[in-house]
Amino acid sequence: MENLLSLWQSTGLYNFTGGQAFMMVIGFVLLFLAIKKGFEPLLLLPIGFGAILSNIPVAGIAEEGGILYYLYFGIKTGIFPLLIFMGVGAMTDFGPMLANPKTLLLGAAAQFGIFASLLGALALNFVPGLEFTLKDAAAIGIIGGADGPTAIYVASKLSPDLLGAIAVAAYSYMALVPLIQPPIMRALTTEDERKIEMQQLRRVGKTEKIVFPLMLLFLSILLLPSATPLIGMFALGNLMNACGVVDRLSQTAQNELINIVTIFLGLAVGSKLSADAFLQFKTLGILALGAIAFAIGTAAGVIMAKIMNKFSSIPINPLIGAAGVSAVPMAARVANKVGLESNPHNFLLMHAMGPNVAGVIGSAVAAGVLLSLIK
Amino acid sequence: MENLLSLWQSTGLYNFTGGQAFMMVIGFVLLFLAIKKGFEPLLLLPIGFGAILSNIPVAGIAEEGGILYYLYFGIKTGIFPLLIFMGVGAMTDFGPMLANPKTLLLGAAAQFGIFASLLGALALNFVPGLEFTLKDAAAIGIIGGADGPTAIYVASKLSPDLLGAIAVAAYSYMALVPLIQPPIMRALTTEDERKIEMQQLRRVGKTEKIVFPLMLLFLSILLLPSATPLIGMFALGNLMNACGVVDRLSQTAQNELINIVTIFLGLAVGSKLSADAFLQFKTLGILALGAIAFAIGTAAGVIMAKIMNKFSSIPINPLIGAAGVSAVPMAARVANKVGLESNPHNFLLMHAMGPNVAGVIGSAVAAGVLLSLIK
Amino acid sequence: MENLLSLWQSTGLYNFTGGQAFMMVIGFVLLFLAIKKGFEPLLLLPIGFGAILSNIPVAGIAEEGGILYYLYFGIKTGIFPLLIFMGVGAMTDFGPMLANPKTLLLGAAAQFGIFASLLGALALNFVPGLEFTLKDAAAIGIIGGADGPTAIYVASKLSPDLLGAIAVAAYSYMALVPLIQPPIMRALTTEDERKIEMQQLRRVGKTEKIVFPLMLLFLSILLLPSATPLIGMFALGNLMNACGVVDRLSQTAQNELINIVTIFLGLAVGSKLSADAFLQFKTLGILALGAIAFAIGTAAGVIMAKIMNKFSSIPINPLIGAAGVSAVPMAARVANKVGLESNPHNFLLMHAMGPNVAGVIGSAVAAGVLLSLIK
Amino acid sequence: MTEQMSSGIEIMFVGMGTVFLFLAMLVVTINILSSLIQRYFPDAHLLSAAAREVTGDTDKSIIAAITGAVHQYRNKYK
Amino acid sequence: MTEQMSSGIEIMFVGMGTVFLFLAMLVVTINILSSLIQRYFPDAHLLSAAAREVTGDTDKSIIAAITGAVHQYRNKYK
Amino acid sequence: MTEQMSSGIEIMFVGMGTVFLFLAMLVVTINILSSLIQRYFPDAHLLSAAAREVTGDTDKSIIAAITGAVHQYRNKYK
Ligand code: NA
Ligand code: NA
Ligand code: NA
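Protein chains in written order, with the working numbering: chain D, 1 to 375; chain S, 1 to 375; chain U, 1 to 375; chain X, 1 to 78; chain W, 1 to 78; chain V, 1 to 78.
Source of the hints: derived by calculation from the structure; they are not laboratory data.
The model shown is predicted, which means the values in this text are computed figures rather than measured ones.
Some hints could be false.
Below, computed lysine-lysine pairings styled on DSS-like, alpha-carbon distance capped at 25 angstroms [stated by the list, open to error]:
#	chain 1	residue 1	chain 2	residue 2
1	U	K306	D	K206
2	D	K337	D	K310
3	U	K37	S	K36
4	D	K209	U	K195
5	D	K206	U	K209
6	U	K375	U	K337
7	U	K337	S	K36
8	S	K206	D	K37
9	S	K195	S	K102
10	D	K209	U	K102
11	D	K37	S	K209
12	S	K37	U	K102
13	U	K206	S	K76
14	S	K102	D	K36
15	U	K102	U	K310
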């Protein structure tokens, strides 16, 4: 009888709190978005599942002794986001960017979204009930980098309590890029601009592709050492792929290793979606600022492309500026698609891949600045 | 000279204890069973090897500083059995069970082996020289769950000293299912019952397969949170496979990740096969109780099927009740084989897969009850 | 303004020390050797990259909180080199050795390089400014084993400060085997000896291949328990491959698992290439002694083969003695190539594989002796 | 009977009860959800399965040939 | 304006400045290195690309056939 | 000669002695076990090897063709 009572008192029904129930709904929504809507399922599925697991009453899966507690060490130490960045580096082809290096500047301009939303977060402090420290603001701003591992890395260092909301916002908006970007791109460009055809890119040789990651790392060492964990692991992955002599390592880095780490990282991020941390007015602010960051980043990229067009003899289609936010390869595909609407023979995909991967570098650099200035 | 003496004093020959030698023989027996007899080689080979390595005198491979000592953390924290459960979940097709959900009750009945052998362990306390605590008894009972990761997970929480013997018993009896089950199945059924043909199963759609793991998790959250680490990771693996949008994660979970963890888990389980813990009268009790648990579970499954047959208009072949112990997919194959002996046109395999996978859920639920009641 | 100053003070340019800059050059040289010269790229690429990352000022990637700091635990605990050894074991075919077991003695003789360079390191203590402890000397000597994971394992136990230099020397000289060995081989043999054709090897059955790793482990347990971590993991890998019943584990051990660990091990070794530890007169001594170790090992192997030829009715081509240093499979290929120069129909490759894999066992035994005598 | 034994028996009843309750509720829930899904969200996949089974033949024979070849290859050389 | 706000603005200027400086320097370095590499270490690979494109046809059609088959196989059975 | 040096020399003798002893014992054990195994547990595999080598031709040529194709494919597209 006592056992029966103690079993009843250990049921979820008996112990549920409203917050936990609500967070589980959030988890289910993330699963729904991942599975039915195709929103970045590789990340949002494990994140959503982790959110459910970590909010189960009594079980303590995200508390000491539970599996999610141990997996979180991989984020706390930075190991998981850095290994994912290595894998992404191994998957990245810098060829289109090396063929037209000017487009790197588009990847720079689009980072304006990061700093604008950082300012926005600070401005929200004037709203009663909202309180963001400078660290919080920087961690929120990095959503505008449109790069998952970078956002998780920075948030885990500066504002671990907001990590869950920030990661969810970053991946959700990356999935929403095809909805967020086109109206902004159309509003800022004329039909003629969208029709601009670009010169075919030259083929980039193997030596250039091998030298580039080393050069990138070297520049980062000289100018911004705080960005070198991110840029270093990215360059390592890229070098392993480009050099052609360690194919088995490169293949493992971009397949099994990144898959294993993705499962663990997703679950661990989900474990930060607790009611205490998430069910706050702050979270709405984060979601709003994230959307603003993406929009501003897109606009800044397009405007930068228009400015460059003024000074360049070789025409640049301003649509590829939007790809500068990163969100690889989604943003580049969006640029291509919007371009095709105006000119069915205008394939911008490869031209947009340049600013697209430059955006990854740009956000890593911005992350380095934030990590080095804000302590 | 001194060096020569110190080298001699550091040889295994000089330092061997009888217990260590005996445990190595156990290790070799496990290797023999794995390699020559095909007894669950994926687990018993690393377990047997781990047993040998951990009993090497002087070397201290299972002591602080040795590799097996570090690998054991993966069991202590529950990470290894849970990751294996995730991989098993990804490999499991719930289709046959969803097509005929009644067969879930067969998977429930067969768990009677768990609780019967728990009682048996307590009863053995009347034998002088044997002393099992309630925790020990529960850990021994779970052998009857016929599910490796569940047994290891529960034993590591309740009775880590018995872990080695329990894991060895669980995997050995799973390999012996084709010998243990058929006589019991034949004794409890008539020739006519064994000839019963079952209706073809309907095809189960993708949506149902996606919804099922979530529903399973939800029910477990409401009723039995203590089972959610096991059921949650199992459901995660199953969802990753069923949803079809994260194939690369699902493939990694059921291939490289589970392989890596299997090697580590096996070695770490083997490291618990030390002379101190294993060479006790207790171990014989554990082996005997394990066999009883399998036999009772099998019988309970068959009897339950016969009872259900009385009340159901749709015929159920009682042989598939035996598959309820889990031991996937061995027990289902045994049901199929025994059925074919009586009726060469009667293919029970898919019908037996229903209770078979239900048995996995049933043992996880039983594990949850034990973990929640016994502290 | 303050921010700008603090950013400048956090640049690499502001903080660089000469030692760090020099170590980065070393890192780049290793990358160059790996990529352009094909020097053991699987290891030297991550080691070189790790050297660069760990010497970045301010970033602290190899200090507490940095990724390389955490990865180093895998070396400190011995887990990484032992897992690599398991994978190498799974890749090794002992067939040629079992077909002609006498050649094991060639693998024994070639270990003379280890002990000769140990003595050499102690002798260098007479040079003012050089100071090697017995532990240092043993760790340096193991370079002569021509086996990466063994060298890293021993150095991490006996002399972690020298680990970086020792690993670099070991892998570099392994890559240089085609340059180091041929002149020594030619100098010690006559044209007639190099022309000796050897009898075709018998085919070795599966049972012998299964029994061998167990026998090897058993002998090591009896005689030299301190070598059992290395020999045990090697034998485990080999058994998994030979037994044929755990192919999925064996495949994972020799592919994804070894690849993942190789990346981590390489980076972690690189993290020990700090200016403090590397930029010492000692390092030159280590490099010199490493070369001597390889040369003496080669010579000892060849001379042993000539001695055996005196007493054996079945002819042995002394060139295959050089393969006894291990450096699998490079040294065996070198023996084959030098043999072909004298006799274009003389394929020594398979005959050289015997001493070649015996050399791996020989160095593991030598490692066990060193670990057991020197504390 | 010892106290331990009696708590063991209680655990048995509570345990088997919970296992049956849990799996019985799962049966009920599956039945409800399956009929809901089959009625309101039928899988296009299953509806068109019959159709595909007719037209799929050519594809299948090509794939079968290749499959066989690749399997032979993998078994031999893996 | 609060102190926090003003330091936020400073971070914005310093940050965007660094990002632009960094990427602009990367543009310059890429241009320099690319021209150096193309002049002094041209890739044999690229030089002979045109040639290969002519002769490669037979190879390609075989590979295309196999690729197609293997893809079909993998999509179906993975 | 220093004390360190003399212990180094001792280690050398003990070490090389152990290495030779170990590998020599391995030679002896291999010889014993190999003859035991070849006499009492001969591999069916090896006994029938000669037979298979005659009949295996057709298989091999198919496999060789596929292998070549798959290798081409993998080298190109991996
Ligand atoms: Na970006
Ligand atoms: Na079960
Ligand atoms: Na060696």
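Consistency of the hints with the structure:
For the hint pairing U:K306 with D:K206, the CA-to-CA distance comes to about 48 angstroms; that exceeds 25 angstroms, so the pair is violated. Proximity of D:K337 to D:K310 is assessed by CA-CA distance (about 24 angstroms); at most 25 angstroms being required, the pair is judged to hold. Between the alpha carbons of U:K37 and S:K36 the distance comes to roughly 46 angstroms, so the proposed pair goes past 25 angstroms and is violated. A hinted pair counts as satisfied when its Cα atoms are at most 25 angstroms apart, and D:K209 with U:K195 does not qualify at roughly 47 angstroms.
Using a Cα cut-off of 25 angstroms, the hinted pair D:K206 and U:K209 is violated, with the two alpha carbons roughly 44 angstroms apart. The straight-line distance between the Cα atoms of U:K375 and U:K337 is roughly 42 angstroms, outside the 25 angstroms bound, and the hint therefore fails. Between U:K337 and S:K36 the alpha-carbon distance is near 41 angstroms, which puts this suggested pair outside the 25 angstroms criterion. With a C-alpha separation of about 16 angstroms, the suggested pairing of S:K206 with D:K37 holds against the 25 angstroms cut-off.
Our distance criterion of 25 angstroms between C-alpha atoms is met by S:K195 and S:K102, whose separation comes to about 20 angstroms. The suggested pairing of D:K209 with U:K102 is violated, with an alpha-carbon distance near 50 angstroms, which exceeds 25 angstroms. Between D:K37 and S:K209 the CA atoms are separated by roughly 17 angstroms; this keeps the pair inside 25 angstroms, and the hint holds. For the hint pairing S:K37 with U:K102, the CA-to-CA distance comes to about 33 angstroms; that exceeds 25 angstroms, so the pair is violated.
Restraint check for U:K206 and S:K76: not satisfied, since their Cα atoms lie roughly 37 angstroms apart, outside the 25 angstroms limit. For the proposed pair S:K102 and D:K36, the alpha carbon gap of about 29 angstroms is over 25 angstroms, so the pair is violated. As the CA atoms of U:K102 and U:K310 are separated by approximately 14 angstroms, the hinted pair is consistent with the 25 angstroms bound.
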